[in-house]
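Enquirer: Listed below, chain by chain, are the residues.
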Amino acid sequence: MLKRFVMENLPVNPDLQPAFVPRGHTPEKRGRLKVFFGMSAGVGKTRAMLEAARREQAAGRDVAIGYLANRGSEEQEPLAEGLPLVSPIDVVSRGRVQAEMDLDAVLARRPELVLVDRLAHSNAADSRHPKRYQDVIELLNAGIDIFTTLNVQSVGSRAEAVRQITGAVVQETVPDDILEEAEFELVDLPTEDLRARLAADGKYARELAWAAQQEIFRPGSLSALRELTLRFVAEHVGRDVISSRQAGGAGEPWKSGQRLIVGVSPGPSAAGLIRWTRHLAGELHATWLAVHVETRGRLSREGQACLARNLALARELGAEIVTTRDEDAARGLLRVAREQHASQIVLGKPQGWRALDLFRGGSVLNRLLRESGDIDVHAIRVEGRAPLPQAPGKLRIDASVLREYGVALGAVAGTTALNAVLYRWLGYHSLGLVYMLGISILAMFVRRGPTLAAAVLTTLAWDYFFQPPIFSFRLERLDDIITTVTYFIVALLIGNQTSRLRDKEANERRREQHATGLYLLTRALAQASHVADLLAIVTEEVGNAAHSDVTVSLAGPGQDDALKPYPGGGWNLSGEELKVAAWALHNRQAAGRGTSTNPSAEGLHLPLVAGQRALGVLSLRFRDHAPLTTDQRDLLEAFVRHIALALDRERLREAEHHAKLAAESERLSKTLLNSISHEMRTPLAAITSAASTLSEASGAAPRRLQKEMADEIQEAAQRLNRLVGNLLNMTRLETGHVKPKLDWCDVEDLVQVTLDGIENDLTRHRLAVEIAPGLPLVRMDFVLMQQVLTNLLLNAALHTPPGTTVHLSAAIERGALVLSVADTGPGLPPEALPQLFEKFYRAPAAAAGGTGLGLAIVKGFVEAHGGQVSAQNRPEGGALFTVRLPSSGRSLRPAFQAPAPEEAAKNRVSGAGS
Amino acid sequence: MNDARGIKPTALIIDDEQQIRRLLHACLEANDYKVVEASTGAEGISEAAQRPPDVIILDLGLPDMDGSSVLKRLRQWSSVPVVVVSVREREEEMIAALDSGADDYVTKPFRTGELLARLRVAQRHKNLVSGSPVFRSGGLEVDLNTRIVKVNGSEVRLTPIEYSLLSLFVQHPSRVLTHQHILREVWGPNSLDHTDYLRVHIAHLRQKLEPDSSRSSYLKTEAGIGYRLVEKD
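Each protein sequence line maps, in turn, to chains A and B. Per our numbering, numbering through the first sequence is continuous, rising by one, with the last residue being 1478. Per our numbering, numbering through the second sequence is continuous, rising by one, with the last residue being 381.
For the record, the hints were derived by calculation from the structure and aren't laboratory data. Predicted model only: the values in this text are computed from it and were never measured. It is possible that part of the hints are untrue.
Unchecked claim - DMTMM-like cross-link-like pairs, simulated, lysine to aspartate or glutamate; straight-line CA separation at most 25 Å:
(1) K380(B) to E1334(A)
(2) K368(B) to D1320(A)
(3) K356(B) to E1312(A)
(4) K256(B) to E1395(A)
(5) K1305(A) to D180(B)
(6) K1271(A) to E241(B)
(7) K1305(A) to E333(B)
(8) K368(B) to D1345(A)
(9) K356(B) to D1320(A)
(10) K1303(A) to E237(B)
(11) K1305(A) to D341(B)
(12) K1305(A) to E239(B)
(13) K1305(A) to E370(B)
(14) K1305(A) to E237(B)
(15) K1303(A) to E239(B)
(16) K368(B) to E1312(A)
(17) K368(B) to D1325(A)
(18) K256(B) to E1276(A)
(19) K1303(A) to D247(B)
(20) K368(B) to D1307(A)
(21) K368(B) to E1323(A)
(22) K256(B) to E1334(A)
(23) K356(B) to E1272(A)
(24) K256(B) to D1320(A)
(25) K1303(A) to D341(B)
(26) K1234(A) to D1345(A)
(27) K1303(A) to D180(B)
(28) K1305(A) to D247(B)
(29) K1303(A) to D214(B)
(30) K1303(A) to E177(B)
(31) K368(B) to E1272(A)
(32) K256(B) to E1323(A)
(33) K1271(A) to D341(B)
What the hints assert, rightly or not - Computed Cβ-Cβ distance ranges for the label pairs, DEER-style:
(34) T188(B) to T1257(A): 35 to 41 Å
(35) P200(B) to T1257(A): 38 to 44 Å
(36) P1390(A) to V282(B): 53 to 59 Å
(37) S302(B) to E1279(A): 40 to 46 Å
(38) H1242(A) to P359(B): 34 to 40 Å
Note that beta-carbon positions come from the ideal geometry of N, C-alpha and C, so glycine has one too.
Make the full structure from the sequences, and use the hints.
Expert: What follows is the structure, encoded as structure tokens:
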């Protein structure tokens, strides 16, 4: 973008509605809004509100004052007495100090009922919301009931009518939407009494001055206002009655099948049109859409801003927004109308006459009327300043446009020069064709403006320089005149057509870019397998597409968990920004720049919502300060949806994973319980029966029986002991409590101690032990490794037939200590091999006995040492288990030589050492 | 083994498990002990103070105090022989108890014969009568005076360290000696990390005492705790 304007930050005027506007979402329990409604200041709305509040308080409800205008006045003081006040905060903005309602304090205190005076008030800049009614919406969403006051002039759909009555443009209005479900209490005063009151009471001096200025005091005005007020309330009540009758008391406002469309232009007059349409839609109980047709040519920056504001106003008033592209506004409108099955179109009456309309067959309105067919058209007169106001005295000089004009000029000059040369050979008629060629080529490179200028210039040049009489603009012959005029027309047409084509192409390209951007993003998102990857992709892609710095923050799993910004983001959110982002998350609405919440924030924060869950926030800090175009906004919305989906997908994937783990864990627990139960009960049964045999045996129980029973008990006890040991070890492994106490160990010693420990279990097998000579000391945990060897040997004994040999060997191989236990039994079933070392795994044909824990413990203990264990079948039959432990061996025995006995005797006394 | 005067020795059982106390009580009485019971560490200490027993069996899994604390307190004013009882996985506890003054240990589940043997050994050392400096057990003969070591009649030449090692064991026959204790006594308090020395020299010693057998029947490894010189009759 080469435009270099003085970038003035468009001041955030709270009355001009922003780009992102909340769509009301229906929370579980919304508070109720009661509006004390009157025709103007001074009728006594605040008093009525206070009185009603006192009644509520007397009835036992928790009431608090959120904001009260004219606090401390002698009239109000007695009424307000006794009602607790939430202290307002002083907001400093633009050099003034303003007292505003402390929204957070009210939310924190959470009374049942809050009084908020002056619903239409605009908050000071830097407040969370630009308008007080937005604060009220937030309070209602939190389930707090509200009493408030409002004048009829501040009702959005009536603002136009009030303006017509009083001639004053109302600055502060409230959209009808939020009043839809409110209860109204009319506070009425006969006009005479009102006038008297206003005149007498000093505090209304300001209102008085304003009213006088607006000639509100003409009797007709006041009465008209009053009537408007009464009618509004009556309509409101009527609507309630109808809707409750219709819906059988369900309360949802009933909509007829009608649909209205209002054409929105980038001009300030559109606002009035929109409000009018809202009014009509309300009357007809129809849904309505605001449609903007983007014709060729790009809007100026102010135009874009104005359009955004208009569309936002429409959205706020409850319209659905549709933007479309079409060369012809009328055709576009009709197309949308037909697509959306609209029955009526609302359009503004054109102001004045535009020359170009001649070519297009009439103004937009006329064309629409002609083609409308069965759709009704409302042509509304709206007032407004001329569209696209230009700051006086400031010429918009765009460098690139200037350049193109320069190019056009150059082309004209060049072609003229060329023609001067060609003049010798060609007649002057043919030169026209040369000019034509020039224009056609020029149109491919410059905009319409310069092209048309070139067309004019070439016509003149041709006439002046080449057509007789030369160097004069006069044309003598008829066919010259005709040729020239025809040339001019054709040149214009060519120029126009080519520009249109270029514009179309540009549009197409832009659309394609968007589609591609979206496609790339979604494809990248689809492929990301990890939340971290996802976030990295989002940060980059969205940042590129939106020309902004992007950060994604994720919500914690719990309700109140803080928002956590992803560390790899392009923008570090400050504490303040994080608060705004958190607000966006909890309220599931966009917040920040260009929205109705914290519009003075640094960036735009969009919540990522999938279904019912708010998963996080996408925060963007734009690199330029332009307001968002509709294109960008649409793109962002699409992005946000996709990202939220992708995040949700990841979340679900993780949840599935956890569920699987839980199910697996469940399964293992069950297996464990079954297995343990069996393993424990068997020896217990043996003990019980042996013990009871012993106790029941008569006094002279044979010694042999005693011994036998005692042995049974001992054996069973040992089995139980082993089982308990296994369970304990397994638990320690599971909970990570196995930390080997590494110490220097003698391998031979280890083997010896192990064998001593299981002497009785190996009685039916032959044991062959092979320990390599000169094994160095190895660092390991003696007790753990003893358990490893024990388990391996017991395993071998258990699974091989009696009488077979079990081999145990220890050696150093390639710097590692290798312990192996081999048997000559049936070997391991091949299908069992991969799962052999898993908890509770019992080979399909395993003999009874054993919980399936032994090998798992071996693996756990060995791996805790940093070693490995493996199992395989030997080629000669039988199974082989190999344990490898890293060894930083130290030589155990220095070369040992027994000295000769005489020497020994000699050395004995002096105690010579080695 | 009864003491010299022929009066039954008193054994104090400090264990919170009633079942264990019952069984031990029966077993010890069957072996001519008088038995006193205590179920907590505090109770045990006060019992030991009021009626000093001849030997104490201390369970390390007491609810109110851990075994080492009981031992430390006891050892402040008593040198009564103590055999501690614990479970197998808690080697650290046992080492701590042994270093705090316990004489020996058994691990649950234990054979009562083993316990009785340990009790005897523990008591014996307190009643040691200075007699001959020659230690004999099985084929092993060690003369602490002349420093001559004979195995099955033939003399065996030992290095000074090996000799120190062996004599340490000989002075505490049948009692377990923790690694740390041995290191401290033989190599000095600055060598407490050098279990590698210990392993090497134990291996050498074993080789020299029983060159023909792959298993040493004199020096028994108590896994994770220490070593014990086994007496053979």
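Enquirer: Take the hints in turn and mark each one as holding or not.
Expert: Hint-by-hint comparison with the structure:
{"no.": "1", "hint": "K380(B) to E1334(A)", "verdict": "28 Å, violated"}
{"no.": "2", "hint": "K368(B) to D1320(A)", "verdict": "10 Å, holds"}
{"no.": "3", "hint": "K356(B) to E1312(A)", "verdict": "15 Å, holds"}
{"no.": "4", "hint": "K256(B) to E1395(A)", "verdict": "40 Å, violated"}
{"no.": "5", "hint": "K1305(A) to D180(B)", "verdict": "41 Å, violated"}
{"no.": "6", "hint": "K1271(A) to E241(B)", "verdict": "35 Å, violated"}
{"no.": "7", "hint": "K1305(A) to E333(B)", "verdict": "23 Å, holds"}
{"no.": "8", "hint": "K368(B) to D1345(A)", "verdict": "18 Å, holds"}
{"no.": "9", "hint": "K356(B) to D1320(A)", "verdict": "21 Å, holds"}
{"no.": "10", "hint": "K1303(A) to E237(B)", "verdict": "13 Å, holds"}
{"no.": "11", "hint": "K1305(A) to D341(B)", "verdict": "13 Å, holds"}
{"no.": "12", "hint": "K1305(A) to E239(B)", "verdict": "11 Å, holds"}
{"no.": "13", "hint": "K1305(A) to E370(B)", "verdict": "16 Å, holds"}
{"no.": "14", "hint": "K1305(A) to E237(B)", "verdict": "13 Å, holds"}
{"no.": "15", "hint": "K1303(A) to E239(B)", "verdict": "14 Å, holds"}
{"no.": "16", "hint": "K368(B) to E1312(A)", "verdict": "13 Å, holds"}
{"no.": "17", "hint": "K368(B) to D1325(A)", "verdict": "21 Å, holds"}
{"no.": "18", "hint": "K256(B) to E1276(A)", "verdict": "19 Å, holds"}
{"no.": "19", "hint": "K1303(A) to D247(B)", "verdict": "23 Å, holds"}
{"no.": "20", "hint": "K368(B) to D1307(A)", "verdict": "18 Å, holds"}
{"no.": "21", "hint": "K368(B) to E1323(A)", "verdict": "15 Å, holds"}
{"no.": "22", "hint": "K256(B) to E1334(A)", "verdict": "32 Å, violated"}
{"no.": "23", "hint": "K356(B) to E1272(A)", "verdict": "41 Å, violated"}
{"no.": "24", "hint": "K256(B) to D1320(A)", "verdict": "17 Å, holds"}
{"no.": "25", "hint": "K1303(A) to D341(B)", "verdict": "19 Å, holds"}
{"no.": "26", "hint": "K1234(A) to D1345(A)", "verdict": "32 Å, violated"}
{"no.": "27", "hint": "K1303(A) to D180(B)", "verdict": "44 Å, violated"}
{"no.": "28", "hint": "K1305(A) to D247(B)", "verdict": "18 Å, holds"}
{"no.": "29", "hint": "K1303(A) to D214(B)", "verdict": "23 Å, holds"}
{"no.": "30", "hint": "K1303(A) to E177(B)", "verdict": "42 Å, violated"}
{"no.": "31", "hint": "K368(B) to E1272(A)", "verdict": "30 Å, violated"}
{"no.": "32", "hint": "K256(B) to E1323(A)", "verdict": "19 Å, holds"}
{"no.": "33", "hint": "K1271(A) to D341(B)", "verdict": "47 Å, violated"}
{"no.": "34", "hint": "T188(B) to T1257(A): 35 to 41 Å", "verdict": "37 Å, holds"}
{"no.": "35", "hint": "P200(B) to T1257(A): 38 to 44 Å", "verdict": "43 Å, holds"}
{"no.": "36", "hint": "P1390(A) to V282(B): 53 to 59 Å", "verdict": "56 Å, holds"}
{"no.": "37", "hint": "S302(B) to E1279(A): 40 to 46 Å", "verdict": "42 Å, holds"}
{"no.": "38", "hint": "H1242(A) to P359(B): 34 to 40 Å", "verdict": "48 Å, violated"}
Going through the hint list in order, the structure does not satisfy hints 1, 4, 5, 6, 22, 23, 26, 27, 30, 31, 33, 38.
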